Structures are given as C-alpha cells and as structure tokens.
Amino acid sequence: MKTNAFAYRRADTVEDAVRIAREEGDEARFLAGGQSLLAAMNFRLDEPTALIDISRIEDLRGVSRGDGEIVIGALTRHADVEASPVIAEHLPLVAAAIREVAHPAIRNRGTFGGSLALADPAAELPACAVALDARIHIAGPGGARAVAADDFFRGLYETALEPGELVTHVTVPLPAPEARHGFAELARRHGDYAMTGLAMMRAPERTRVVYFALSERPVRARAAEAAIERGASPADCAAVADEGLDVLGDNSASEATKRHYARVLLRRALEAIASPETTS
Amino acid sequence: MTGTQSITLHVNGEAVHAHVEPRLPLVDFLREHLGLTGTHVGCAHGVCGACSLRVDGRVVRGCLMLAVQADGATVETLEGLSERVALADLQDAFHRHNALQCGFCTAGMLLTAAELLEARDSVPARAEIRAHISGNYCRCTGYQAIVDAVAEVAANRIGGQA
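Quick note, the sequences are listed as chains A and B, same order.
Following the numbering used here, the residues of the first sequence are numbered contiguously, the last one being 280.
Following the numbering used here, the residues of the second sequence are numbered contiguously, the last one being 442.
In case anyone wonders, no lab produced these hints; they're calculated from the structure.
Some clues are possibly wrong.
Unchecked claim - Stretch-level coverage of chain A by chain B, calculated; a stretch enters the list once three of its residues show a Cβ under 8 Å from a Cβ in chain B:
#	stretch
1	3 to 13
2	31 to 40
3	47 to 59
4	96 to 108
5	186 to 199
No experiment lies behind these values; they were computed from the predicted model shown.
Just so you know, even glycine gets a beta-carbon here, dropped at the ideal spot from N, CA and C.
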C-alpha cells in the first residue's frame with residue numbers, strides 16, 4: 001500500500017502555510033502529525049495533490065497559561081500534552097483523556113490541533129473541547145477567527161474550517177476550582193477507538209455531558225445535563241443519558257448497545273465524582 | 281516542488297544525504313535505500329507497530345512518517361541500538377523467556393519496551409507494561425512471555441537487583 005504521488009511543501013510560518021494553501025488549491029492538505037492523514041493516504045482513501053508540512057511552525061507548539069485561560073498550540077504533540085504540568089494542574093479532563101488517545105508511538109507524533117481538525121467522531125479530544133467550552137482559533141485567507149468548539153464540529157469528519165484554513169491554537173477557560181470532571185470510554189483493547197466515550201464537566205455555573213463515538217460528532221446530552229443540575233441521583237441522570245440524541249450504530253456496537261453504554265458511562269462518572277476520594 | 285527532494289539526516293550515528301520522492305515512507309527509505317531491514321513493515325497504516333523506530337529520541341511509526349519529514353532528524357533503528365548495546369539486557373531476556381517465536385514484531389517490541397524503561401524511575405506494573413506495548417501486535421506469543429521479559433529487565437534496571 002502506497003500513497004499517490006503528491007507535491008511536498010514546507011511552511012515556516014502560519015502566513016506561509018496560508019499562502020501555499022492558496023497556491024496549491026483545494027486538493028492540498030496540511031500535514032501536522034500525519035497519524036491519521038498518512039494512514040488514509042496509504043489506503044488511498046485520501047489522494048491529495050500536495051502536502052503542506054506545517055509541523056515545523058514553532059509558534060504553534062506548546063501549552064501555556066494565559067489570562068484566565070489555558071492556551072494549547074495546535075501542533076502540540078499528544079505526548080507533550082500528556083507530560084505538561086499545566087495540563088495536569090488545570091485541565092485534569094484533558095490529562096485523563098490524552099492517555100486514551102491511541103498508543104504511545106502515535107501520541108509521540110499526533111497533534112492536538114490535528115485531532116480537532118480531523119474531527120473523527122470516535123476521538124477523545126473533540127469531546128473534551130466541547131465539554132470545556134474551548135475556542136478553536138483558525139487562520140486562513142480571510143484572516144484569523146475563533147469558533148466555539150460546539151459550533152466547530154459539524155458532522156462526520158466535518159468542521160467549520162473553510163478551504164485553506166488551519167487551526168492555530170485552542171483556548172480553554174480555566175475551570176472553577178470546585179469543578180469536577182468525568183472521563184470514561186469503552187474500547188475492546190487499550191488504545192483502540194472507543195465504542196462509546198464520555199467527557200464531562202460539573203462546575204457551579206455549568207454542566208457539560210459530552211459523548212463521543214455515539215453520533216456523527218461530539219454531542220451534548222442536554223437531558224442528562226438538566227437532570228444533574230436538578231440534583232437527580234446518578235441512576236436517574238443515567239436513565240436519560242441518551243434522550244433526544246441521534247445515535248449511530250457502527251462496526252463496534254449497535255445503536256441499542258451504544259445507548260446502553262452511554263447510560264452506564266454516565267452513571268459510573270457521576271458516582272466517581274460523588275465519592276470523596278476522587279477529587280480532581 | 282514535485283519530483284525528488286533533498287534530505288539530510290543522521291541514521292544510527294551516521295550522516296545520510298539522499299534524494300527521495302515525497303511519498304516515500306521513512307521505513308521504506310531505511311529498508312530499501314539504506315538496507316536497514318531490522319525495522320519491519322506490517323500493516324502500513326499505524327496499527328501493528330512492526331515499523332517502530334526512534335526519531336529524535338521518540339519511538340514513532342515508520343509507516344506514518346515520510347522520509348522528507350525526517351530531514352534534519354536523528355533516526356535510530358534496531359541496528360543502531362543493538363550496536364551501542366542499548367538493548368542487550370532486553371534482547372537477552374526476550375531470548376530466555378521465549379518472548380518471540382517468528383520474530384516479526386520483536387524489533388518494535390524491543391524499541392517500545394526500551395522507551396518505557398528509559399522514561400521511568402520506578403518499576404512499572406505489569407498493567408503499565410501492557411498499556412505501553414498495546415500498540416505493538418504479536419500474533420505468536422500471547423504477550424505473557426513478552427511482559428515477563430520486560431518486567432524482569434525493569435526490575436533489574438530500575439529496581440537495582442538481579
């Protein structure tokens with residue numbers, strides 16, 4: 001299995017990347033970690049005419065604490081997110097999720113922004129971005145803009161990115177000190193894509209229950225969020241976990257099974273949050 | 281920008297200069313251009329781990345990286361790591377524990393296990409060893425002997441006793 005032939009161009013800056021993308025046209029792809037793109041190209045599921053290698057744009061790498069928010073550069077590799085003390089201290093939801101992203105060797109190359117831009121429905125990080133009310137920052141021919149995570153993910157591998165645009169960084173508002181998170185996924189083997197997964201935040205002013213691998217995109221379970229805010233028991237919240245959600249069965253599990261998993265995962269997460277020894 | 285690209289990299293301590301097609305995977309460059317066949321090619325889409333090699337100190341999939349992306353990088357393969365005796369205790373433990381049968385996955389297993397042991401200052405539990413090698417498939421051993429071998433080396437290297 002080999003990819004088709006393509007042109008390879010390296011961008012040194014974001015401006016460079018946007019300019020080259022304009023020159024190469026709609027069939028060019030940005031190459032970041034390449035851990036999904038090159039696999040798809042080896043199968044010829046994707047046959048771009050050009051790859052624009054953005055992986056050396058140093059400005060887009062790293063995690064930092066800004067004013068009331070955490071800034072994650074799009075090219076920050078999963079392994080570096082995993083090792084980041086800023087993430088461990090301020091975004092324990094991401095710290096928990098990142099360990100479930102593929103395998104160590106994939107995490108050594110794959111990038112945070114790449115995972116968001118790909119928008120695989122079974123991926124962990126898009127769901128975390130929605131649960132954390134993250135904003136996705138974008139550069140492109142029309143200039144820079146930012147989109148709320150919940151508006152960024154549109155459908156199956158479909159995002160708000162327009163042709164020629166790339167993700168530059170993600171900003172995540174600092175969770176309140178009292179905030180609690182829940183993360184759980186069911187997969188057949190460690191590192192496999194989830195059959196169903198859950199990322200949730202419980203803060204005084206907001207509750208987010210977000211599922212991945214359940215629908216075409218990460219979805220908020222609003223009935224469950226309302227039940228949690230009413231103070232319902234974990235079992236009662238879990239009973240409405242999949243209410244109103246468009247659930248798609250796939251090769252890993254049927255629709256009915258996924259609905260069951262969704263309820264199980266929420267009950268487990270709420271019980272873990274409620275028990276005093278798990279305070280993070 | 282089509283046609284071949286010029287790359288310069290270090291492979292197992294030696295400077296290499298080459299002209300490659302953009303679509304050439306790094307693992308194919310190592311195997312076919314440099315004759316370093318210790319790194320294997322299995323699935324070619326990042327699932328099996330047979331093509332594991334080190335780029336700038338980190339274990340990566342050689343099938344999910346292009347040779348052009350390695351321009352300026354430091355690459356190490358099983359051959360280089362064996363030569364500088366970085367894997368000798370692991371290789372010996374794999375041998376004694378029968379942690380391989382056909383050997384196809386072994387190079388990737390050794391590199392992945394070595395990465396775990398080098399990153400740790402405490403002895404990893406068996407579950408951590410399993411999680412770390414979860415991206416490396418072995419279709420012969422059932423993994424028990426591999427975990428036994430890695431656990432023994434971990435105890436010797438990090439635990440400090442034989």
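Verification of the supplied hints:
Here the stretch 3 to 13 of chain A counts 7 residues with a CB under 8 Å from a CB of chain B, which clears the bar of 3, and the coverage holds. Coverage of the stretch 31 to 40 of chain A by chain B holds in this model, with 5 residues showing a Cβ closer than 8 Å to a Cβ of that chain against a need of three. A count of 4 residues in the stretch 47 to 59 of chain A with a Cβ less than 8 Å from any Cβ of chain B is obtained; the coverage claim is therefore met, three being the minimum. A stretch counts as covered by a chain when three or more of its residues have a beta carbon under 8 Å from one of that chain; for the stretch 96 to 108 of chain A and chain B the count is 6, and the coverage holds.
Given as covered by chain B, the stretch 186 to 199 of chain A passes the check, having 3 residues with a CB less than 8 Å from a CB of that chain where 3 are the minimum.
Every hint, counting from the list given before, is met by this structure.
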